[in-house]
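Put the two chains together into one complex, using the hints given.
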Amino acid sequence: MSDEEWAIRLVEAVTACAKSGDGVKRFSVLEKARLEADGSAVRRMTLTTLEAFMPKLDGELTARKYAESMIERFGAAKTIFNGPVTQGAGSTAGVNSAIDTTISETGRVERN
Amino acid sequence: MTILRLVGSNLSPEPFDNIEDANADDGDAREIYKLLEEFCSASHLKNLVKAYRPSQKEFPISVPSEELLRSIAKLHGAFHIPTKALEDILERAEENGRQHIFLYTPATKAAKDRLNKFENVQKVLLNGQTRSEAELPKFQIHPKGVAVADLRQEHREGTKYHFWVYKLYGGSERWIQTSTKITDEEKIVHYKLKYRREVFVVKWHSFGLLEIRVPTGNSYAQLAEYRDALLRDVTKITSLKEDESESASDALTRAISVRRPPKPAETEEPSKNSGVIPLEMPLSKLDSDARSADVKWIHVNNSLLDFHGTKIRVFADDEQENAYGPEVVKLLKTVRDCDDLRSIVHINDQPDSPQKLSVEFATSYSNEIRIGPQTTPEGVEFIVRRIWERAANEELPSSPVDDFGRTTEEGPTVNLVGIDTLNQKYPYLVNAFKGLKEWVQQNSTVGFVDPDRLRRLATAGVPPGDFAIALAALVEEGLLVRKFRIRPGPHRAFLSQEFDSFDEILKGDIKDTKGESLNLDDIKIVAVFGGSKG
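Protein chains in written order, with the working numbering: chain U, 1 to 112; chain R, 1001 to 1534.
So here's chain R without its partners, still in its complex pose (with noise of 0.2 Å):
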């Protein structure tokens, strides 16, 4: 059972500064805390836990994904949890999983500079405003039919690298099936309309590769629908013809109107004219991929080959499982061409906890890839990548992303040359650095901390172990010092001096507040660290 606090409810205002929280709906937390559920991964959850919770005994993060929502709804509640941090994270995340996401690349030159071009871009479709004066981004939690959410546009650091996201919200009522009941001549067949929230996302990366993602969950015609409306937008990119058609607003809130019965999927190419072409799924290499002893990032769940003429499906019981086993590779070493392809991509993006991305390519239309639930941006970029790469023929200059399909098996090779490769191979350890130093100098004379505290406080969700290294080093060259605090027994406060050593601890005779002395088999030690001239 889910308990939720309300925001707000039974609580001293005294501690928030967010007048945002204070008028928040309780409807609109529960909805929050509902798409938190259903696009955050742990990981995600956990950090923000980790950021916020007052106290580590009370908000715990080795626990259940249930769990860190009980937590995060009890810390939203109490202010802890400003909603503009939730709404960050969400925003980030209901961009990335549970999409089937369809490729394209440019089909001239001139199309791939007009995508490449973020004025013109941005000129076409925020109808010749800026994102601010668009007011961009805007988060809604209920949208009513369909509006633009965003549009932006990012770089890459020490690379040329850049992409551009437009993302749009449809807010609408489906027909859900509730019951069905069958008599000896009668089936009764109950629907109930049910608000349902989308988002829609056209991504452009520069090197030549658009996305089109569309959420799961809907049906085949219905997803050809979405998919054709947003391409509208594109032509107009592309084609810089700005009001000959209708936009993929309009034609999206035309497609998930209730009223009306899906269109039957389209036979003619729907991206005719659009100025992209669908890039043609690289299958067979990517069951060859899977197959390959040395590439680790890509197991093969279920797949369909054609061997001569005849359908062969490969499948392991597990979802999870690598259905090609070495005796199955040698087995099918003449089968190459493969139909579709059920995989489970292994991706590092979370140095914590390595995920297992499910990925299904081509099952449903030639260019389309379906990914499961609770990724990230870069977890994605990294697989859109390696296909482009693969259909191209053509490897893409290195990225921080590349780094994320390494499996845990593989020893990393770093070459510390510059400090790019520093910044792409390792961003946790420089954001805990640019924190900490940020930190020492803002208080360096201010007392001693413990690090988890310390951590909250310099830096927000930089895993512990890169920020320890980071401690480590601060705490080597000098700019630290560390020392140790001793609480005398449970639920004792902790004594107000600090120590040089555990020999100090464990040689000195040191007494408690009442004047007795410690007995060490009750104490707790912590190492705190502080600037050195603290």
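Chain U with its partners taken away, still in its complex shape (with noise of 0.2 Å):
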């Protein structure tokens, strides 16, 4: 299974314990799904962010849909953190320039 279809599982499973108010429940999922996650950063992380927060997911976010994104960020997510290492635009300089730029609440980008 690939990890993309697994976090999609995992995310049903984990919407389906908050549906049912059963908070506890959810940790136990996840506790299980540690299990079959080593080895796997992508895995590992997916398991963090659900331990974080509860996906809200309606109508047009489905779950597919959430652990999609998920990934594709956690794939943005590790180029920021560990800073590409070739030159040019994606010289270390070019990693500070991102993280010195923000976005506000308004969803303006704005430069620190």
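Derived by calculation from the structure, the hints in this document are not laboratory data. Computed from a predicted model, the values in this text were never measured in an experiment. All residues carry an ideal CB built from backbone N, CA and C; glycine is no exception. You may find that some hints are simply not true.
[To be verified] Some chain U residues close to chain R (C-beta under 8 Å, calculated; not the full set): (1) Ser28; (2) Met70; (3) Ala76.
Shown next, in the form of structure tokens:
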């Protein structure tokens, strides 16, 4: 099973717990999944994400879309953290510059 | 019924540190809440409540806007939200939405160069003063007459794109019809003088597009008059003639005056000699986009088409509906000349709540669009960029706002080769990283904090989804540590100890503060996060 399929299943299971109002079960589900996650950073990060916040799914945002978006962002997150190794657009200065740029509550991109 | 708690009423002055709050006028507070209701989207209001609420239970966010506004009033009244935060959010929101936007392109390269030279713009519009010398921005709730509110230039990180915004407030009294009484021989219409606050905006985009924004709710003639008044200042910039004619401010002051009838709409081209020319709305191209299965951001709700001299209006029953279903598109295959277009533009500028913005193209003037309420600067920028591209038949260099037109059906395709791309594609994520990184550096030995509180402490307004990703990545990298805390039962305090794993909670015989074993059916578990040295 791909990490993505695995994440979709997990998001579905966790949101089902939210619907049933069973908070402890949510962590129980996550703990069981943790046994399958070893060796995959994406899976481990998926677990932490779901421990931190319960996804709010509605008609448009399905478990699949949520999981896809989450995994896509993990790729970005790893790049931000590690910093690209090449020069030019992906230089360390570029990383700092990106991190110095914030987005305000109104959605405006700002340079600090 | 809306109940708004007034500023400072029945409250201890202790929690506030902003003297302005203490002096804020009750009427002003009420007015700010009304303006927030008018200009801010539910997402804006949610972010505000989330950033400042002391408890989630008392201030839920999955509620209608009216409830969010009540929470904001309550939080503001209790000095949790500073007045400055309300003003800041309002200042951005009032510039975008519920407007007629007239679009112009520079008539010559010289005019474009002058509009791109901000020093020149500043010199002309602020009478030789700089922004700080003119003490801008000046936020006003009750402007009297016409006053310059702001002139600012902003750059987009990693691109050559920049823009400037010139904002004016207008405050005037208007005759508003209140009632009509008809008898056998008489008709009596009652009018009442009511105060009206207007926000006028001129925005220049460095790629060669000028916007003149006039609030909706004005007559056709007034609209033209305001537009022409604002064009006066544009003329001064492009011609470098400072003192030859009256300023936009003077002309607007006259135009908003209640004491004289509005002038009839000009028949002469108003932008003549202003250095800019009206952009001819590329209606057929926009209409074609709406019919295309590949273009997802625009859905037409109502259009007027010319079919060999016969006008055909195509419209959907519901204003949110797409009138161009596959059958209609097939039927209209040979009909291409579009006269006006009312559409719904899908914009994903708030990751958690994609907006559907109502946009009418060229319904009153050929270079004008009318946009619905409660959008964002990026949302409007997305639309005017698409219009410019279609009118100029030229693609603009990519911009972060281009992604805002992505619909939720589309899978994002991202090439993560450069940090510029990251910054453009994931501004919230970058912001979450920045905030968390700083928080960890400054609080490496502080205890563990629940994610929602950490989100408030480390960042403001970052959506939970993006924040959680940054959190997870930092845990993975070992900068943050995740633990668990337990609340033994409803209305009881969390136990002071933290647990490394869920197994430890299940298998360990954990006692509460009274020495009793925990009942797993009653407990609440939360993940908490802290610096690795915590």
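Going through the hints against the structure:
Checking serine 28(U) against chain R by beta carbon gives a least distance of about 7 Å; that is within 8 Å, so the hint holds. For methionine 70(U), the shortest C-beta to C-beta distance to chain R is roughly 7 Å, which falls under 8 Å, so the interface hint holds. Residue-level restraint check for alanine 76(U) holds (minimum Cβ-Cβ distance to chain R is 5 Å; threshold 8 Å).
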